[in-house]
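Enquirer: Based on these hints, arrange chain Z with the ligands on the given structure of chain C.
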Amino acid sequence: MSAHATEHGTMNIKLIVWRQPARDKPGRFETYEAKNITPHHSFLEMLDVVNEDLIKAGKDPIAFDHDCREGICGMCSAVVNGVPHGGQERTTLCQLHMRKFKDGDAIYLEPWRARAFPILRDLIVDRTALDKLIQVAGFVSCHTGGVPDGNAILVGKPEADYAMDAAACIGCGACVAACPNGAAMLFAGAKVAQLAELPQGQVEAPQRVAAMVKAMADQGFGNCSNHYECEAACPKGIEVKFIARLNREFTKALCQEKIGAISTTTAASGD
Amino acid sequence: MRLLSDSIGRKVVMAITGLLMVLFVVGHLLGNLSIFAGADGINTYAAKLQALPLLVWATRIVMGAAVLFHLVISIQITLENNQANPTAYAVDRRLRATFAGKNMIWTGLLLGGFILFHLFHFTVRSVPGLEIVQVHDALGRADVFAMVSAAFGKLVTAAVYVIAMLMLYLHLSHGIQSTFQSLGLNNSKTMPGFAKFGGVLSVIFLLGYGAIPVAIFFGLLAK
Ligand code: HEM
Ligand code: SF4
Ligand code: FES
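The listed protein sequences derive, respectively, from chains C and Z.
Number 40 in my numbering belongs to position 40 of the first sequence; there are no gaps in the numbering.
Number 144 in my numbering belongs to position 144 of the second sequence; there are no gaps in the numbering.
Just chain C, same shape as in the assembly:
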């Protein structure tokens, strides 16, 4: 139990929320009171309480994204007092609890902000741009057919662990929201690193990294300045070492292409 509220104690929180009726419509901050919130409420449950009050009062509820509410789907997304997901280490917004706050706190709630993520309504943004990156460069080409034998392709334990760490990304986009440049390098780096580490993905590694870098520019993401805000905001602990890997894969592929050893425009470019 936190020092801020006892088992039965409740708190009142002032919410300053970004309200925007639709894409390309002007938005503004509105202030609401979240009343009778217990420390056991999750952040999203707190918003549910506020929305019930708003509905009862005949007002528009605050629109926010969510699905699993257990930290695995990557849907929940809001910037809490300037930090995506609220800034508790390795925690999605749905897993953040109100015991982190105290009675009388004021909380600013904003949507992810980046050119590549247009706001659809209130706290909901369109993250299709991340899906596009996966469509263009986040896959391994393979023939369909019978299930291959287990262990037919051997993968060492360290490589498997590395790839698994990269694969932990849930695609929430907090890294983009946190980046001062609106870049998607952590998301892209995790996918490129995961696939380049495994035998199945190594075959297309140069084409993949070329396509990924091009797709990021096409989708309107910015460039990396190595601020590492993404790593600090990521709820899954994805590390910027994967961005270093992305840079390494890019440089390697570029050199190979320049000496004529490979082409990155043919083969699996996702078209």
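Honestly, I wouldn't trust all of these hints.
Computed footprint of chain Z on chain C, listed as stretches where at least three residues anywhere in the stretch have a Cβ under 8 Å from a Cβ of chain Z [unchecked claim]:
hint: 1; region: 78-88
hint: 2; region: 174-180
hint: 3; region: 239-246
The hints are simulated quantities; they were obtained by calculation from the structure and are not laboratory data.
Glycine included, every Cβ here is placed at the ideal spot set by N, Cα and C.
Expert: Frame of chain C, contents of chain Z with the ligands only:
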């Protein structure tokens, strides 16, 4: 794939040109420190350097190209980055980004301005109001010691150089560690080491270069 227009290609160019300039900064500092050996020290160093025109000109050409590429790309990517993140949050809270990192373009542009000024000041010797008449020492060598001493005797000139070195310190306290990440040489284990290396090196630059105008202005430098 394109080195000069792909996002990561330009990042690699920024890192390589940055590192080239850092190498120059190391060499230039080692040479300049000969001023602490008095007039004979730095005048001998300068004469030896002038006797190697090939080295001098090769360095000038490589550095000129490095500065140009670094400058043009930095402006390009900074504009692109601002467009990719056009709206600021109401609460401006950063978890990891540093003052130095966030202000690379400003410390960089000031450095660019300083480089121009510095070249016109001590190499071309034609800054209006700060013109320098070349004198020679007893051995007939260019008297660099006298030139530098006269220049840094003025508060404004000494201050300009010290401020420029503060900019260099800020730029490189982010920049040096950043190059390892840009070139893909970084991982979670090496990161703290690179950060420390960059921090220490940039402090050495600040103290080493900064000491020259400060020592001269306060009359601490023996002839
Ligand atoms: C000519 C004026 C200069 C400008 C406008 C400038 C600008 C910049 C900018 C904006 C960045 C960050 C790039 C990014 O967002 O990733 C940067 C990085 C860097 N700069 Fe400069 N800079 C200048 C001069 C210098 C000088 C004189 C040095 C060295 C003595 C230097 C060394 C570096 C290094 C090492 C980096 C890090 C590169 C990386 O992130 O990989 N710069 N510069
Ligand atoms: S890298 Fe982290 S912050 Fe970015 S999308 Fe994946 S889980 Fe979210
Ligand atoms: S709602 Fe699924 S991760 Fe938060």
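Enquirer: Confirm or reject each hint.
Expert: How the hints compare with the structure:
| no. | hint | result |
| --- | --- | --- |
| 1 | 78-88 | holds (count 5) |
| 2 | 174-180 | holds (count 3) |
| 3 | 239-246 | holds (count 7) |
This entry satisfies every hint, going by the numbered hints stated previously.
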